[in-house]
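K.L.:
Whenever a hint applies, use it, and build me the whole structure from the sequences.
Sequence lines, in order, name chains D and B. Just so we're aligned, residue 1 is where the first sequence starts under this note's numbering, counting upward by one. Just so we're aligned, residue 1 is where the second sequence starts under this note's numbering, counting upward by one.
Hints were generated in silico from the structure; no laboratory data involved. Since the structure is predicted, the reported quantities are computational estimates derived from the model, not experimental observations. No residue lacks a Cβ here, since even glycine has one placed at the ideal position from N, Cα and C. Just to be clear, a hint being listed does not mean it is correct.
[To be verified] Result set (DMTMM-like, lysine to aspartate or glutamate): computed pairs, CA atoms no more than 25 Å apart in a straight line:
id, chain 1, residue 1, chain 2, residue 2
1, B, Lys142, D, Asp52
2, D, Lys107, D, Asp156
3, D, Lys462, B, Glu24
4, B, Lys142, D, Glu456
[Claimed, not checked] Partial chain D-side listing against chain B, Cβ under 7 Å, derived:
id, residue
5, Asp404
6, Arg420
7, Ile422
8, Ala424
9, Met429
10, Ala432
11, Glu435
12, Ala436
13, Met437
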Amino acid sequence: MTKFLRALIVEDSPADAELLLAELRRGGFDVTYQRVDTGDAMRDALERDAWDLVISDFNMPAFSGMGALQILQSTGRDLPFIVVSGIIGEETAVAAMKAGAHDFLVKGRLARLVPAIERELRDSAERRTRLQLEERLRQSQKMEAIGRLAGSIAHDFNNMLTAILGYAELMTDQVGPETGLGRDLAEVVSAAQRAAALTRQLLAFSRKQPLAVVPLDLTSAVRSVEPMLRRLIGEHIVVNIALADDIYPVLADTTHLDQVLMNLSLNARDAMPRGGVLTIETRNVEIDAGFVRDHPDAHIGPCARLTIRDTGVGMTPGILAKIFEPFFTTKERGHGTGLGLAAVYGIVKQLSAYIWVESEPGRGSTFHIDFARTALPSLVATPAVAAETPRAGDETVLLVEDEDSVRHFAKTALERHGYRVIEAATGEMAVAIIEAMLPLDLVLTDIILPGMNGRELATAAKRLRPQAHVLFMSGYADWPGEVRGLLDDGSRIELIEKPFTAAALLAKVRDAITADSV
Amino acid sequence: LISWVVLALVVAPALLNAQRKFDEREIKATFLFNFAQFVEWPAASFADAQAPLVIGVLGADPFDAVLDAVVRGEVINGRPLVVTRFRRLEDVATCHILFVSASEAPRYPRIAQALQGRAILTVGDSDGFASSGGMIRFITDKNHVRLRINIGVARAVGLSISSQLLRAAELVGQGEAR
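P.N.:
Set out below in C-alpha cells:
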C-alpha cells in the first residue's frame with residue numbers, strides 16, 4: 001500500500017535532500033516535498049501548505065535546526081520534527097531533543113529514518129485524536145452547562161410569564177379589548193408572548209421541553225404547518241413541497257416538530273435574501289452500515305427522513321461546524337438570537353432522531369433529519385382546538401401548584417367559568433384532600449413540586465379516584481425517569497405547557513374532563 | 001470528625017423525611033380555606049360582593065404562622081381571605097369559618113349555644129366537638145384526615161354544605177356523635 005507523505009525538508013544541500021527522499025521512497029512513501037533553507041521560506045511553506053512532518057538539517061550556512069524548530073513551534077502546529085545532521089556532539093543532540101525535536105539521526109546512517117517517521121506519525125495521530133476527544137468532551141460539557149442554566153432560568157420564566165399573560169388576559173376580559181386599557185394590555189400580551197417564544201427556544205436547546213411523544217407521520221405534520229410556513233417565508237421564495245404518502249410512522253411530538261420545521265424554514269429564508277427555492281421533502285430511507293460509518297450518531301435501519309433544502313448562500317466547513325451552538329449566529333447583531341438551530345438540535349436529540357447537514361458556500365444548504373421507524377401505528381392527527389369549544393364547566397378541579405402566582409391565576413380563570421377549584425400547594429396536601437373529599441373530576445397539577453412530584457401524585461390520584469382525570473402543567477420536562485407520552489398505567493399524558501393563556505387552560509381542562517376514561 | 005460524619009449520615013435522611021412528612025397543621029389549614037368552596041352562606045353574611053371571607057381561630061392558636069401562609073394572596077369567588085384570632089368567645093366578631101381550638105374543648109357546649117343563629121361554619125379537631133354542636137370535625141388517624149359533619153347544626157343557621165363534601169364525610173346528627 002502506498003503511504004502518502006507531505007514532508008517539509010529544511011536542508012541547504014539538494015544532494016542531501018535527494019538522499020533523504022531516496023530513503024523515504026525505499027521505505028514505501030509516496031513523497032510530496034518542498035526544500036527550504038531559510039527561516040522566511042520555512043514560514044512561508046508552513047503557512048501555505050499542510051505538512052505531515054518536518055525533516056531538518058542541523059547546521060546550515062543561513063539557518064539552523066534549532067531555529068527551524070523554534071519557527072515550527074511558533075506556528076502552534078504539532079508536527080513531528082526530525083533532525084538529520086552531520087556528525088555533531090552528543091550534548092547538542094540532547095539539547096535539540098530537549099527543545100522538542102522528536103528524533104535525531106546522522107547522515108549516512110539513515111536506516112532508522114523510515115521506522116522513526118512511521119513511529120512519529122503514529123504518535124502524532126494519537127495525540128491529535130486525544131486532543132479532539134478532549135475538545136469534544138469540553139464542548140459537550142460546555143453545552144451541558146449552558147443547557148442546564150438555560151433550563152432552570154426558562155422554568156422560572158415560564159411561571160412568571162404564565163402569571164403575566166394570564167392576568168393581562170383576565171383584565172382584558174373585564175375592560176374590553178377595544179378600550180384604551182385593553183390596547184395597552186394587548187402590548188403587554190404581545191411582549192410576553194415574544195418572551196415565551198424565546199424561552200421555548202432556550203428550553204428546546206437544553207432538551208428540557210416537556211414532550212408528548214406519540215406515533216405520527218411526517219407528511220401530515222408538514223401538511224398541517226404548510227399554510228403558516230408559506231405566509232412566513234414571503235413571496236420572493238418559491239416553496240416546493242414533495243411529500244411521500246406511504247411515510248413510516250415515527251415517534252415525535254407535534255408541537256416541537258412544528259418548531260423544528262419553522263426554525264429550519266426561517267433559517268432557509270434568511271439564507272436566501274434575494275430569493276430562491278425552499279424545498280421540504282419527506283421520504284423513507286434505509287440507513288445502512290456504510291452510512292453509519294460516516295455518521296456515527298445515525299440509527300441503522302428504516303427511517304423516515306425530513307429534508308429541508310435551500311438554494312441560498314451556503315456555509316463554509318468552519319461555519320457548518322458551529323451552527324448548532326447556542327448563540328452562534330452569522331446574522332448582524334440584533335437580527336438573530338442564535339438559538340434557532342440550537343433549538344432544532346436540542347429537539348432532534350430529545351426525540352432521539354439524527355440531524356445532518358450538507359452545504360457549500362454558494363451552493364445552498366440541505367438539512368436532513370432521520371427518524372427511526374416505529375412499530376406503533378401513527379395516530380390520526382387531531383384537528384386544532386375548535387374555537388367554539390365550550391370553556392365553562394361546573395366540575396370540581398383539584399389544582400396543585402407550588403408557585404402562588406400561577407396557582408392564583410389558574411384558579412381565578414377556572415372559577416370565573418364555573419368550576420369549583422380546590423387548591424393545594426404540594427402533592428402531599430393534594431393526596432390528603434383526595435382522601436377526604438369525593439368526588440373529584442380533574443387533578444390539574446404541576447409536574448415539579450416540592451416533595452412528592454406531579455407524576456407520583458397522578459399515580460396516587462388514579463389509585464384513589466380511578467374516575468378522576470389528570471392534566472399536567474409544565475414549563476420544563478423533568479420527569480423522574482425518561483420523557484414519555486404515557487403514565488404508568490398506560491394512559492396518555494395530558495399536558496399543558498407553561499406559559500398558557502386562560503383560553504388554552506379552559507380548553508385543555510374541558511378536553512381532559514370529557515376525554516374517555518381509560 | 002468521624003462522629004460528625006456519622007451524625008450527618010444519621011441526621012440528613014431524618015431531615016429529608018421531616019421535610020416531606022405529613023404536616024397536620026398545613027393540611028388542616030389547607031382544608032379550612034378550601035371549605036369555602038363547598039359552603040354557601042346566607043347573603044346577609046357579607047356586606048357586599050367584595051367583602052372578605054373571614055377565617056377565625058378561637059382559643060390557643062395551633063397553627064402559628066401556617067394558616068396565614070397558606071391563605072396569603074388567596075381569593076375565593078372574588079373574595080379575599082382574612083385570618084383573625086379571638087381569645088375568648090365574647091370576642092368572636094364577623095367571621096365565616098371558625099376554627100375552635102382544642103383549648104376550648106371544656107366549653108364546646110357553651111360555644112355552640114352562643115353561636116346559635118349565626119351563620120358561622122365551626123370546625124374543630126377534638127373528641128366531642130360534633131356531638132356538642134360543632135359542624136365539621138377533623139379526624140386524623142395514621143396520616144389520613146377524614147371529616148365528620150353534623151349537618152343539622154349547619155342547616156339550622158342557614159349554611160348550605162355541598163353534597164360533594166357531604167358524600168365524602170361521615171355524617172352525624174346532634175347527640176349521637178362524639
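K.L.:
A separate judgement is required for each hint: does it hold in the structure or not?
P.N.:
Going down the list of hints, with the structure as the test:
1. B:Lys142 / D:Asp52: violated, 77 Å
2. D:Lys107 / D:Asp156: violated, 71 Å
3. D:Lys462 / B:Glu24: Distance ~23 Å between lysine 462 of chain D and glutamate 24 of chain B Cα, so the pair holds.
4. B:Lys142 / D:Glu456: holds, 20 Å
5. Asp404: Holds. Min distance 6 Å.
6. Arg420: holds, 5 Å
7. Ile422: holds, 5 Å
8. Ala424: Hint holds; alanine 424 of chain D Cβ to chain B Cβ min 6 Å, cut 7 Å.
9. Met429: holds, 5 Å
10. Ala432: holds, 5 Å
11. Glu435: It holds, given that the least Cβ distance between glutamate 435 of chain D and chain B is near 6 Å, below 7 Å.
12. Ala436: With a minimum Cβ separation of about 5 Å from chain B (threshold 7 Å), the hint on alanine 436 of chain D holds.
13. Met437: holds, 5 Å
This entry does not satisfy hints 1, 2, going by the numbered hints stated previously.
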